[in-house]
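Participant: Chains as they are written, first to last, in the numbering used here: chain E, 35 to 316; chain H, 556 to 853.
Derived by calculation from the structure, the hints in this document are not laboratory data. The model shown is predicted, which means the values in this text are computed figures rather than measured ones. The beta-carbon is built from N, C-alpha and C at its ideal position, and this holds for glycine as well. Some clues are possibly wrong.
Stated by the list, open to error - Ranges between beta-carbon positions, derived for each pair:
#1 H:A578 to E:L269: 53 to 59 Å
#2 H:V599 to E:F56: 17 to 23 Å
#3 H:G804 to E:W218: 57 to 63 Å
#4 H:R580 to E:L206: 21 to 27 Å
Unchecked claim - Pairs of lysine to aspartate or glutamate residues, derived as EDC-like cross-links and limited to a Cα-Cα distance of at most 20 Å, are as follows:
#5 H:K581 to E:D125
#6 H:K581 to E:E207
#7 H:K771 to H:D760
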Amino acid sequence: MTTRTTSLDRALAANTWFVYAFFYLPILVLVVFSFNASTRVGIWRGFSTRWYGEVLRNPEVLDALKNSLIVAALSTVAATVIGTAAALAIDRYRFRGRRGLDGILYLPIIIPDVTMAVMMLLFFARAFALIDAAGPRFQLGIGSITLSHIAFNISFVAVVVRARLGQLDGSLEEAARDLYANSWQTFRRVTLPLILPGVLGGALLALTLSLDDVVVTAFVSGPGSTTLPVYVFGLVRRGVSPAINAISTIMLVASIGLVALSLVFQRGPKASRNTEMIKETT
Amino acid sequence: MTSEQRTAALIAEPGLEAAATAADRKRGLLLALPAYVYLLLFFVLPFLIVFVYSFATRSATGATRLSDWNLLAYQKLFDSLVVQIVWRSFWIASLTTIICLVMAYPFAYYIATRRPAVRNVLLVLVMIPFWSNFLIRTYAWRFILGTDGPIATLTDALGMEPVRLLFTNAAVMIGLVYGFLPFMVLPLYAAIERLDWSLVEAARDLYASGWSAFRKVTLPLTRSGIIAGSLLVFVPSFGAYVTPAILGGSKDLLLGSYIVTQFQQARNWPFGSALSIVVMVFMLAALMIRARTGAEEV
Numbered sequence: 035m036t037t038r039t040t041s042l043d044r045a046l047a048a049n050t051w052f053v054y055a056f057f058y059l060p061i062l063v064l065v066v067f068s069f070n071a072s073t074r075v076g077i078w079r080g081f082s083t084r085w086y087g088e089v090l091r092n093p094e095v096l097d098a099l100k101n102s103l104i105v106a107a108l109s110t111v112a113a114t115v116i117g118t119a120a121a122l123a124i125d126r127y128r129f130r131g132r133r134g135l136d137g138i139l140y141l142p143i144i145i146p147d148v149t150m151a152v153m154m155l156l157f158f159a160r161a162f163a164l165i166d167a168a169g170p171r172f173q174l175g176i177g178s179i180t181l182s183h184i185a186f187n188i189s190f191v192a193v194v195v196r197a198r199l200g201q202l203d204g205s206l207e208e209a210a211r212d213l214y215a216n217s218w219q220t221f222r223r224v225t226l227p228l229i230l231p232g233v234l235g236g237a238l239l240a241l242t243l244s245l246d247d248v249v250v251t252a253f254v255s256g257p258g259s260t261t262l263p264v265y266v267f268g269l270v271r272r273g274v275s276p277a278i279n280a281i282s283t284i285m286l287v288a289s290i291g292l293v294a295l296s297l298v299f300q301r302g303p304k305a306s307r308n309t310e311m312i313k314e315t316t
Numbered sequence: 556m557t558s559e560q561r562t563a564a565l566i567a568e569p570g571l572e573a574a575a576t577a578a579d580r581k582r583g584l585l586l587a588l589p590a591y592v593y594l595l596l597f598f599v600l601p602f603l604i605v606f607v608y609s610f611a612t613r614s615a616t617g618a619t620r621l622s623d624w625n626l627l628a629y630q631k632l633f634d635s636l637v638v639q640i641v642w643r644s645f646w647i648a649s650l651t652t653i654i655c656l657v658m659a660y661p662f663a664y665y666i667a668t669r670r671p672a673v674r675n676v677l678l679v680l681v682m683i684p685f686w687s688n689f690l691i692r693t694y695a696w697r698f699i700l701g702t703d704g705p706i707a708t709l710t711d712a713l714g715m716e717p718v719r720l721l722f723t724n725a726a727v728m729i730g731l732v733y734g735f736l737p738f739m740v741l742p743l744y745a746a747i748e749r750l751d752w753s754l755v756e757a758a759r760d761l762y763a764s765g766w767s768a769f770r771k772v773t774l775p776l777t778r779s780g781i782i783a784g785s786l787l788v789f790v791p792s793f794g795a796y797v798t799p800a801i802l803g804g805s806k807d808l809l810l811g812s813y814i815v816t817q818f819q820q821a822r823n824w825p826f827g828s829a830l831s832i833v834v835m836v837f838m839l840a841a842l843m844i845r846a847r848t849g850a851e852e853v
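So here's chain E without its partners, still in its complex pose:
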């Protein structure tokens, strides 16, 4: 009996290390080869940072990066405010249309990005047709990209904040109110500090998703409003190059920095936001 358990345990451990290798080896290979001196991507010709230099001097890359950062910052702020308010409303209050909102909120999370992209494209096509008829001329660009990113980010922020709210009981807020705090004071001094890790976690997730999005952005971007992932996607479709490896490494380091940041915000046993988020959605 004991031997069977240990051999099972050994098989489980082996599978675990296999999955970790599967997760990390491809990324590792990519990072290593981004320092390859050779113009032939797959042949190692010594260590060099030349591709990083080339990438960081490329005005197209810098422009795309600037657009990405603008969109990510704007959509994160807006989605965090709207999503947090929605999470508070659903978790703490009973009101008409609560279940409807709860239902709609889940959809942008699982909808495939192509479908979301088509929806946003047709929406802006119709909206612009209407507005243009009234006079001013609008076109796809940073504005339409930002509005689309807010649309999917609200849901993610709301889910993360709700997970945090679910961990708290209402007794502290009740105590504050019993001590004659008005509702604003209660929110400002009790609720907000308690849910802040969730809010920051949601904001970081929104930031990451905005910086990652390719398909929706590609559909609603106009001339001159290319974001970094859309630019990289264009390059990748044409083939492989050491320069793409370098951009990729920079983007990977940025994502890992965001994970680290989010972990700092929510230390503690099983406070890891993503599991909480998934728990909330399951």
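Using the hints, position chain H against chain E.
Facilitator: For chain H alone, kept in the frame of chain E given last:
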């Protein structure tokens, strides 16, 4: 005043209670309003527009005329080419889901049964790929599987037959599994972690074998995680565009790419809209299966 006293006061004065609930309702509605309005405008309305477009007419130039409503786009769904594409996307997404489940279940089980300190480290190691840029992670496989990539260089150096995986369905599936595996791991982990182990122990005490205890107790109790994870892998895989665009061949078209084609080269917006509706029908069906099987009961 304690909450009991307050409740007592409210009961004594029903008018006060009604006023308090009304104020509460108002505040809730006010907080929910921005999200409500935003999602109605930028999610529900766009969905309705797609629905309307799927009945519109495509003119000879590729422009869409919102008149002469018809079912042509839906009829086209039954062309053998289209049926083939939908079918191919369906089985690739199904197989991806199954592979993810088989890899992720023992993986999540192992993590969830470690000491808390070890568990947290192992979880962080799952978060990193979960957070890393999806496009870049897909590109990594393009690089690795490519004719100029490290595998090909290695097989060349060893004088072996080159492995041609890139631009095949197998490559797409590797990319999808790689991309969506964390979405399977996390809900499974959540389900296994909150499992009541005393139930498994009870089964063992009643002389259930390890396997039957797993099959009759552990598996049913973690069903919610299995269903949630499968949903989170299947739906995006079914409509995937980025992965097949980078790793897939031009012959074996998948639904996501086919939809994009309708809005770019083919300029057939009504048909593209009808295809998007198909994706959404599958999504809603998956959601309904989840609701039916009671994934929310835990």
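Participant: Indicate, hint by hint, whether the structure satisfies it.
Facilitator: How the hints compare with the structure:
1. H:A578 to E:L269: 53 to 59 Å: Holds: the Cβ-Cβ distance is about 56 Å, inside 53 to 59 Å.
2. H:V599 to E:F56: 17 to 23 Å: Given range 17 to 23 Å: violated, Cβ gap about 39 Å.
3. H:G804 to E:W218: 57 to 63 Å: About 60 Å separates the Cβ atoms of H:G804 and E:W218, which means 57 to 63 Å holds.
4. H:R580 to E:L206: 21 to 27 Å: holds, 23 Å
5. H:K581 to E:D125: holds, 14 Å
6. H:K581 to E:E207: holds, 18 Å
7. H:K771 to H:D760: holds, 14 Å
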